[in-house]
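A.B. asks: Listed below, chain by chain, are the residues.
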Amino acid sequence: MKTPLLGLVGLALLLPPPSAEACGSFESVPIFVHTHHPDRPFESFAAGRLGVLRETYRTQYLAYAYRSMMGVPTTADEQRALVEMWARGEGDVPLAGASKELQAWLTVRKEVAPTLPEAMPQVVVEQDYSQYNRIQGDAFLKAAETARSLAREWKEHPALLEEWVRGQDTVFGPCAILQDLDPKLDEGLKPRERTRRRAERAYQEAASRFYCADYEGALAEFQRIADSDDSPHQALGAYLVARTQVRQALVERQGGFLFEPTTDAPFLARLAEADRVLVKVLATPKLRQVMGRRGDSRASCGSACSGTRGAVSCSGACSSRARARRSERSSATWTCSQARRRAAPGCLRLLPSSPTGSAPRG
Amino acid sequence: MLPKSPFQREASLPRGGRLAAVLALLCSGLSCTPAAEPPRLVLWAWERPEDLRFLATQAKGRPADVAALLATLELTDTDVLVQPRRQPLLLPPGVGLSVTVRLEMRRGASLARFTPERLRGVAEHLATLARRPEATALQLDFDARESEYAAYVALLQETRRLLPPPMRLSITGLASWCTSGSWLERAPVDEVVPQLFRMGPDAPTWRARFARGLPPPCTGSVGLALDEWQAVPPGVSTLYLFSPRPWTPDALTQAVAGMKP
Chain A
0 MKTPLLGLVG
10 LALLLPPPSA
20 EACGSFESVP
30 IFVHTHHPDR
40 PFESFAAGRL
50 GVLRETYRTQ
60 YLAYAYRSMM
70 GVPTTADEQR
80 ALVEMWARGE
90 GDVPLAGASK
100 ELQAWLTVRK
110 EVAPTLPEAM
120 PQVVVEQDYS
130 QYNRIQGDAF
140 LKAAETARSL
150 AREWKEHPAL
160 LEEWVRGQDT
170 VFGPCAILQD
180 LDPKLDEGLK
190 PRERTRRRAE
200 RAYQEAASRF
210 YCADYEGALA
220 EFQRIADSDD
230 SPHQALGAYL
240 VARTQVRQAL
250 VERQGGFLFE
260 PTTDAPFLAR
270 LAEADRVLVK
280 VLATPKLRQV
290 MGRRGDSRAS
300 CGSACSGTRG
310 AVSCSGACSS
320 RARARRSERS
330 SATWTCSQAR
340 RRAAPGCLRL
350 LPSSPTGSAP
360 RG
Chain B
0 MLPKSPFQRE
10 ASLPRGGRLA
20 AVLALLCSGL
30 SCTPAAEPPR
40 LVLWAWERPE
50 DLRFLATQAK
60 GRPADVAALL
70 ATLELTDTDV
80 LVQPRRQPLL
90 LPPGVGLSVT
100 VRLEMRRGAS
110 LARFTPERLR
120 GVAEHLATLA
130 RRPEATALQL
140 DFDARESEYA
150 AYVALLQETR
160 RLLPPPMRLS
170 ITGLASWCTS
180 GSWLERAPVD
190 EVVPQLFRMG
200 PDAPTWRARF
210 ARGLPPPCTG
220 SVGLALDEWQ
230 AVPPGVSTLY
240 LFSPRPWTPD
250 ALTQAVAGMK
260 P
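Protein sequences, first through last, are from chains A and B. Numbering follows numbering that gives the first Met the number 0, in which position 338 of the first sequence is assigned residue number 337; successive positions increment by one, without gaps. Numbering follows numbering that gives the first Met the number 0, in which position 226 of the second sequence is assigned residue number 225; successive positions increment by one, without gaps.
No lab work stands behind these hints: they were computed from the structure. Incorrect hints may have been included.
[Said to hold, decoys possible] Some chain A residues near chain B, calculated using beta-carbon distances under 8 Å:
id, residue
1, Tyr128
2, Gln253
3, Phe256
The C-beta atom is built at its ideal place from N, Cα and C for all residues, glycine as well.
In isolation and in its complexed conformation, chain A is listed as follows:
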């Protein structure tokens, strides 16, 4: 009797211990009910099948539910945009990067200025250990588009084009002062070419200030562009006044993290001012064209107003506000690799948790 017992004990000692699960991942408990967002697929929620709403949902879902229940319709396109945004926000799909757009800019840059040494833009910056896109993809596309346009217009003046590219390298690079325009290059230029040269420099100056957090300077420069009938960037300048307001509001906001509600007066005032500017842009026929650019149909009422705190009205200006906010959100920093690891969100979840890349185009 004793021998089999000892044998069993010995065998038990030889057996490997059971393997422990999890640990590698910090949250491996099953989730039966989502507390901060509706069930997937989000298409159902976007289509108005709201399910059981919980007060703990992020504001963007509650606001959209409110709109739905008030009978405000959304188109299929708008629903698609919403679903994309929610999926990105919940970490189901990676955040949109700017690598393709960056590559497009670098390719065009090499085409138009093959002799200039390579210059890599500073796309990403870090603040409080959190990285965000300093420059958005649209900025690179706009720069590439402008470079091609100038290459045609200044075909006879390659030095002008190189000067512009060097300026653009400064805009996209680490913060530095733009070199003054070379007065000698004005010689022999037609008035139209001189005007374009200065307009392009003004835009670079404004963009550079924007990227380097000189918001007051950027506001003044963009406003000047918006007021200038000579600038090919007039409409964009008007729009970027609002974008600058939004970025300044986010960056200089006082009191806690961005996802926390705030009563910070300058913050709210800047957002209100941005809103006012965008309404004005939409109301001005020659400026309104800036809202009709690529992808704007996706930024219409549904995707924008659904999540904005205190600005849920769906007026004509909504799509413009959408555009500004969507741009801010496009590199929203509150997404982590897996939604389940995320901290409980606050009411202002729509806003990124660090200043994100509302970037001027080019």
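Starting from the structure of chain A, add chain B where the hints point.
C.D. replies: Quick look at chain B alone, frame taken from chain A:
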């Protein structure tokens, strides 16, 4: 002249001293020795906004360091996608910082299929992420299948080679890795932090095992979660703490209070 052996010294003790020595010996076996030095605390700052500036004032003789998740590397059979931290982390000046990086295999990828060149590429990413003047350690958090153990050893070797010498290399691990003959014995790391939480149905077994002391090859460090609290196992010199919610001074105070016997 040879020094006296400990036994010789004991033999020369007076009767009362001899009794005390025997008691001390017994006590040491029964863990009734005076309270050991409390472990060094390291707070995990995971992917959520964290404001840990209170560590500067709330130390109460218990300074705490921070291990912050600063990036996740998503590895597929063809690519390495670096997902940087996107949540702000506020630290007081002077706090010790471990750069924690999570490795995730995506789309059915396996580290076992990585070529030496690809492993080197991953190690280069890791070394780059750790390159911060304030960082004292690189800590990797990953799930390793048995078939991947050899590849992880190779990855750790390569990472070790690329890190500057003073920087410590740490990994988190499963409790079940802390067994004799485990692959950890081949891992060229300075620290393994077995995480005694989220262990599933076998948690009681592992808790009981660790309650007797850290099973080799694990030594020194262990990770606990505030929402699955248990007594700190004996022999722990560095205690990592995970909070399922953003850290607050109160949460830390309660954790420290909970460490007392």
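A.B. asks: Next step is simple, just say for each hint if it's right about the structure.
C.D. replies: Results of checking the hints against the structure:
Checking A:Tyr128 against chain B by beta carbon gives a least distance of about 4 Å; that is within 8 Å, so the hint holds. Restraint check, A:Gln253 versus chain B: the minimum CB separation of about 14 Å is more than 8 Å; hint violated. Taking 8 Å as the C-beta contact cut-off toward chain B, the hint placing A:Phe256 at the interface holds, the least distance being around 4 Å.
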